[in-house]
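Q: The residues making up each chain are set out below.
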Amino acid sequence: MTEATQEQLNQRVPVERIKDASNYLRGTLVASLQDPITGALAEDDTQLSKYHGIYQQDDRDLRDERRKQKLEPHYQFLVRIRVPGGVCTPSQRLTIDRLANQYCNHTIRLTTRQAFQFHGILKRHLKSTIADINATLLDTIAACGDVNRNVMCTPNPEQSRLHAEVYETACKINQHLTPNTTAYHEIWLDNTLVASNKPDEEPIYGKHYLPRKFKIAVAIPPNNDVDIFANDLGFIAIAEADRLVGFNVTVGGGLSITHGEPETYPRLADVIGYCPKDQVLKVAEEIVKIQRDFGDRTNRKHARLKYTLDDRGIEWFKTELNQRLGCSLEAPKVFAFTSTGDSYGWVAGLDNTWSYTLFIENGRIADTENYRLMSALRAIAEIHSGDFRLTANQNLIIAQVSDAQKAAIDGLLQQYGLVKANQHSVLRRNSMACVAFPTCGLAMAESERYLPTLLDKLEPIINAAGLENEPIVLRMTGCPNGCARSVLGEIGFIGKAPGKYNLYLGANFTGQRLNKLYRENINEAQILAELTPIIQRYAKERQADERFGDFVIRTGYVNAVTAGKDFHA
Amino acid sequence: MPILLPGAEQTPLNAEQHRTAQQLIVGLSPEQLAWFAGYMTAQIVNNSTLPVNDLTIAEKHDAQITILVGSQTGNSSALALQIQTLANKRSLNAVIQHMEDYPLTQLKSAQFVLVIVSTYGEGEPPDNAKELYEQLLSKRAPSLNQTHFAVLALGDSSYEFFCKTGADFDQRLAELGATRILPRVDCDVDYEASAEAWMEDVLNALSSRLGAGAQQSAISAVPVFKTTASSYSRKNPFSAPLLEKIILNGRGSIKETYHIELSLENSGLSYAPGDALGVYPSNAPKLVDALLQALHFSSAEAVVIDAKQRAIGDALLHHYEITTITRPMLQKYATLAKLEALHQLLDDGHKEAFNVYCYGRDIIDLVTDFSVRHISPQAFVDCLRKQSPRLYSIASSLKRHPDEVHLTVAAVRYETYGRRRKGVASTFLADSVDENHPVPVYIHHNNNFKLPNDPAAPIIMIGSGTSIAPFRAFIEEREAMGATGKNWLFFGDQHFTTDFLYQTEWQRYLKKGVLTRMDVAFSRDQEQKIYVQQRMQERAKELYAWLENGATVYVCGDEKRMAQDVHTALQTIVAAESGNKDSAAYLTLLQKQKRYQRDVY
Ligand code: SRM
Ligand SMILES: Cc1cc2nc3c(=O)[nH]c(=O)nc-3n(C[C@H](O)[C@H](O)[C@H](O)COP(=O)(O)OP(=O)(O)OC[C@H]3O[C@@H](n4cnc5c(N)ncnc54)[C@H](O)[C@@H]3O)c2cc1C
Ligand SMILES: Cc1cc2nc3c(=O)[nH]c(=O)nc-3n(C[C@H](O)[C@H](O)[C@H](O)COP(=O)(O)O)c2cc1C
Ligand code: SF4
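Going down the list, the protein sequences come from chains A and B.
Yeah, the first sequence ends on 569 if you go by my numbering, and it's all consecutive.
Yeah, the second sequence ends on 1601 if you go by my numbering, and it's all consecutive.
Fair warning: there could be bad hints in the mix.
[Said to hold, decoys possible] Residues of chain A placed beyond 10 Å of chain B at every Cβ, according to the derived structure:
{"id": "1", "residue": "Asp64"}
{"id": "2", "residue": "Glu240"}
{"id": "3", "residue": "Val271"}
{"id": "4", "residue": "Leu321"}
{"id": "5", "residue": "Ala348"}
{"id": "6", "residue": "Glu369"}
[Stated by the list, open to error] Computed cross-link-like contacts, DSS-like style, restricted to lysine-lysine with a CA-CA straight-line distance of at most 30 Å:
{"id": "7", "chain 1": "B", "residue 1": "Lys1089", "chain 2": "A", "residue 2": "Lys70"}
{"id": "8", "chain 1": "A", "residue 1": "Lys68", "chain 2": "B", "residue 2": "Lys1351"}
{"id": "9", "chain 1": "A", "residue 1": "Lys198", "chain 2": "A", "residue 2": "Lys301"}
{"id": "10", "chain 1": "A", "residue 1": "Lys70", "chain 2": "B", "residue 2": "Lys1235"}
{"id": "11", "chain 1": "A", "residue 1": "Lys70", "chain 2": "B", "residue 2": "Lys1450"}
{"id": "12", "chain 1": "B", "residue 1": "Lys1235", "chain 2": "A", "residue 2": "Lys68"}
Keep in mind that the hints were calculated from the coordinates and are not lab data.
The C-beta atom is built at its ideal place from N, Cα and C for all residues, glycine as well.
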C-alpha cells in the first residue's frame, strides 16, 4: 500500500484529511474531553470518536427549546459495544446493565448487528464508561468508523457444536481486523494495557484506514438471521456431518441510499466462491485491503465496497483477489436459507442444554410501569451460568441453560411476565425498527418510537384477513441509511420527513431479494389505505406457501429487483 | 461534499492561482470559507486591520450587498459563496452573513439583501435560521423600507411544503416594506441551473442600480445609538413594553432564571453597561384579594393617596408593599390596634423576637395574627409602606440592541408558615408581565461599575447565577466597539447542562476571540462542591499576571454567598503570587485606581 500524496488528499473528502492528520485516531480528543465550555467534542474529533465506538448526538426533542434558552443542544453520546457473534457472559451483561443506569438514559439498545448500545452519556462520563466496559473484557474500538465493524454470526443455539466452531472463526476475524493503534488505550484507559511506546502502525489498514465502514457477517444455514447479503463481506458456513469444513464467500452487500440521488442504491452481495476454513483470515484480510486500495475516497456516498465492485466488475475483483491470495477460490458449495427471523421460546440444544429466545421490541431494554424487562434480565443474569446471545433481529437468547437451571429461569420469565413478549403478534415478532429520534442525528422521521403504534393499527387488518399466523418481514427506518435493513423487508418503510414515509414492497423472506419503492412520502392514513387492499387480496389469492413478498411481485404491485442497479428502475 | 471553484476561465484567477485557491478551499468548512470571503472583501474595501468578528466586518466595511444564508446541509452556503464570487468579479461588494449570527436590527440598515435559504422538517427553516426567522415573522420586526431584497429558496418538491421558508422570507420582507428586486426563485433538489440563472438576473439588476465604483457609498450596518435627554425618571417611570421573556434554565433545573427584553423605544432613556434598571412591581392580585378578605374590605372602597382618590384594591395592587413587615409599619399598626402583644414585640427588649416574627411573614400574617375590629381602609393603608422599586443589573448594550434593555432575573419563591410565597418584583416580571402589561422602569446609573476607558485594557469578570448579567452587557459593548482589550470571564452555577446561562452566546464570543478565556464552576455536577473561587485559585498565576498587566477586576453577585469568598480568594492569590504579605493593601490600591469594582447585592 502506498500513502497518499498531499495532491491526492486534497481531492478526497474532508474526513480523509482528518484521518490523515489524526495520528492514528488521536486527533485532539483529549483536549476535547477536557473543554468545560461545551458538552460537545471539537468538530474533527466527532469524526474520530467513531473509531472509538462513540457518536456525538443531542436530544433532538430538546433542540428547539434549548436554542431559545440560549443553551447549546443537549449533547450526549452513543457508545456502541462490540459483541462478536453476539455472545456475552452474564457478568458482562450485568456490567452493561449497571453502566446503563449509572451513566446512560437507563436503557440498553440491542442493535441489528448483535451489539449493545448506550445512549445519553454526558461527555464528562465518557471516560469512566469506556474504562468499565473494557474492565469487563468487552470493548468499543472499531464499533463504528471506516474500519471493519462488529463481526456478526448466527447465534444458532440448537446446533451448539457447529456454532462453537463457526463462532470461534467470527471472533478470530473480528480480532484480526481490529485496528492496531494504541490511541484507544491511551485516551480511554490511560495507557494501562500498552507497555511499549513504539510508534503506531496499521499493517492492514494503513493510516487512512478504509474509505468507508466495512461489515462482515458469518451465517450458518439454513438461518440467514444475520442478513448475510447486506454485508460487504460474508462467510456462509459449510458443514459436513455437523462439522465445519469451510465457507462460501460473499462480497458487495450494502443497503444505504440517499433520497433523490439515484446514483446511490442498495446492493446484495454476490457469492464469489468457497474457501476452506483455515483460509478465512487471509481471504478476509485481502478483501479488506482491496477495498482499502480501490474504494472511492473522493465521495462518501460512493465509497462502499458495493460501488467498487460495480465500477470495476466482479471478474476484476476475483482476479485481483486470487492474485493477492496466490491461489483461486474454489467454486461455491450448495447452501439454502429458509428465513431471516428468529424462532422464539425454549429450544433444546445438544449436550442437553436449553436456550430461550426472547422477543425484544425494537431491541430496547428498559423498565416501564407494567413491563420491567431490564430488572427481569438483571435477575436472570444474576443466576444464569450459561451465556447470552444477541440476535441480528434485536432479540436476546438466554443460551446454554442447563436442565437443572431451566426451571429457575423459566420461573423468572413467568414472574416478570416476559413470556408475554413472545405472545405478541407474528407480524410484530417479525418486525424491526431502527433507533431514529430522539438520538439519531440523521433521522428524518420517527422509527423505534412509532413502529409499535403503526403495528397496533396493522394487526387488526392482518387478523381480519385471517393472516395472524403468517410471518411477514416488516422493517422501518427513519432515513434511507437502512439501519434496520428496511430494503430487505417484505414490507419496508423509509422515513422522508416527520410523519412521512416511503413504502417499499417485495423483498423475499430469506433476505435474498431487495424490495422496491411502491409509494412515496405518505402518512399513516395513506399507509393503511395502501396496505389494506393488498393484504386482503393476499389472503384470498395467495398460492400454497406463497410469501407476501413474492405475492406482490406475481400480482404486479411492484417488479422484482434482481440487481441493486435496478432498485430505482 | 467539498466546494469546487468554477473553472479557472470563469474566474479572475490564473491557472496556478486557481489550483492553490481550490486546494485552500477544500481544506475549509463552509463557515470558515464564508468568514474568509467576507473578511477579505472587508479588508479590500477599506483596507482596515481591525480584529475580526462578524460585527466589525458588518460595521467597518460598507457592505452594500448582504448575502443572508440559512443552510442545514450546506447547499445554500455553497451557493452564497458562488454568488459572492460573481458579485466581487463585477466589483460589487457583497458580504455573506449566516442567519445564526445576524441580529435582526442589522437588517434595518442593510441596503441590498439576497436571501438564500432552504426548508427543513415539514416546511420549517434550517436550525441556524430559526431564530432570525422567528424574529422576522414576529410583530417586533422593524419596518424595512430602506431595504431591497431577492430570495432564492432551496427545497425538494417531493415535500408538501415546497420551499416554504424561502417563500415566508420573501413575503414577510415585502410586508415590512422592503422592495423586491425580482421575483423569488424556488429550487428543487437539482438546484444548480435555476440558482445560477437567478444569480445572473440579480447581479444584472444590482449592477445597473449600483453601477461602477459601487464601493464608495457608506451605510453603517449597525445603527449608532444617539443619546437624547429623557423625560422619564425614578419619579416618572417609563412603561416599557415586553419584547421577550425566556426561561434560561434547561429542563430538570431547580433554578428559575428569566431573560427579559424590554423596549425603550421613544423613551429617550439611555444607559451604559454597569447601570441597573429600576423596576416598579405590582403585587400579586391573589395576594391582594387574600389581604382584603382578611380585613373584610371590599376592593372598591375608596382611599386617598397623595391627594388622589383610589379604590383600595388598586392601591394595594400598585402602590403599597404588602409582603414585608417593617418596624415603622408595625408601630403605626400597633397604635391602631392597641394590642398589648404587639407593643411588647416592638419594645427594645424584644428585638430578636421582632426579627423572628417578621422574617418570612407578610402583612396578611400580621392582620390575621393581630386582627383589629373596625379599622378604616384609609387608616390601614396609612400604616403601609409605599411599594419600592427593585434594581436589576442591565444585561445588554445599546450598541448591540438599540432601543432595548435586557435583564437576567431569578424568580424568588419560597414557603414559610405553611404558605407558598413569592418575591414581589421577580415574580411580577416572571408571572404577571406580558405583551399587554408593560413594566414601569427607570435607569439607575452606577458609575462604580464601568468598563475601563481604554478599550485595549484587559478585564476579568467574576459572577455566578444572575450576576452574570452585567458581564453580558460588558462583552456586547466591547464587541460592538471593536475593543481590543482581553476579556476573561469566570462563571458559576449549579449544573452544566441546565444552568449555563447564555452558554451559546459565550461560545460564540470565545470562537470569535472577543472572550479571551472563560472558566466555569458547576457546583453540583460532582461529589464535592466547586465554586468560582476554586477556579480562580487554579488559575492563580495567570490571574495575577493579568492584574500586573493592568487588568480591571469586576465582581458581581450576592455579598453573603459569593462576593466575600471571591474577595478572600483574590487576597490569597495576590499574597501567594506576589510574595507580598500585604495583599489587602494591593487590593485597596486596585480599588482606588478603580481597577477592582464590585456590584454586590
Ligand atoms: C443501532 C443501529 C440501528 C439499530 O436499530 O440497531 C444503527 C444506528 C445508526 N446508524 Fe446504522 N445502525 C445499525 C445498523 C446499520 C445497518 C444494518 C446492518 O449493518 O446490518 C445498516 C445498513 C447496511 C449497510 O451498512 O449498508 C446501517 C447503515 C448506516 C449508514 C449508511 C451507510 C452507507 O453505506 O451509506 C449510516 C450513515 C453513515 O454511515 O454515513 C448509519 C449511521 C448510523 C448512526 C450511527 C447515525 C449517525 O451516523 O449519526 C445511527 C445511530 C442511531 C442511534 O441513536 O442509535 N448506519 N446501519 C445498528 C447498529 C449496528 C451495530 O451494532 O453496528
Ligand atoms: C444593584 C442591584 C442589582 C441587582 N441585579 C439583579 C439581577 O441582575 N438579577 C436578579 O435576579 N436580582 C438582582 N438584584 C436583586 C433584586 O433587586 C431583588 O432584590 C430580587 O429580585 C428580589 O426581589 P423581589 O421583589 O422578587 O423579592 P422581595 O419581595 O423583595 O422578597 C425578597 C425577600 O423575601 C424574603 N425571602 C426570600 N427567600 C426567603 C426564604 N427562603 N425564607 C424566608 N424569607 C425569604 C427575604 O426577606 C428577601 O429579602 C439586584 C439588586 C441590586 C441592589
Ligand atoms: C429531513 C428533511 C426534510 C426536508 N423537508 C423539506 C420540506 O418540507 N420542504 C422542502 O421544500 N424541502 C425539504 N427538504 C429538502 C431540502 O430543503 C433540500 O435538500 C435543500 O437543498 C437543502 O439545502 P441546504 O443544504 O442549504 O440546507 C428536506 C430535507 C430533509 C433532509
Ligand atoms: S436508519 Fe437513519 S434514522 Fe434510523 S438509525 Fe439509521 S441513520 Fe438513524
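Q: Tell me, which hint numbers fail for this structure?
A: 1, 7, 8, 9, 10 and 12
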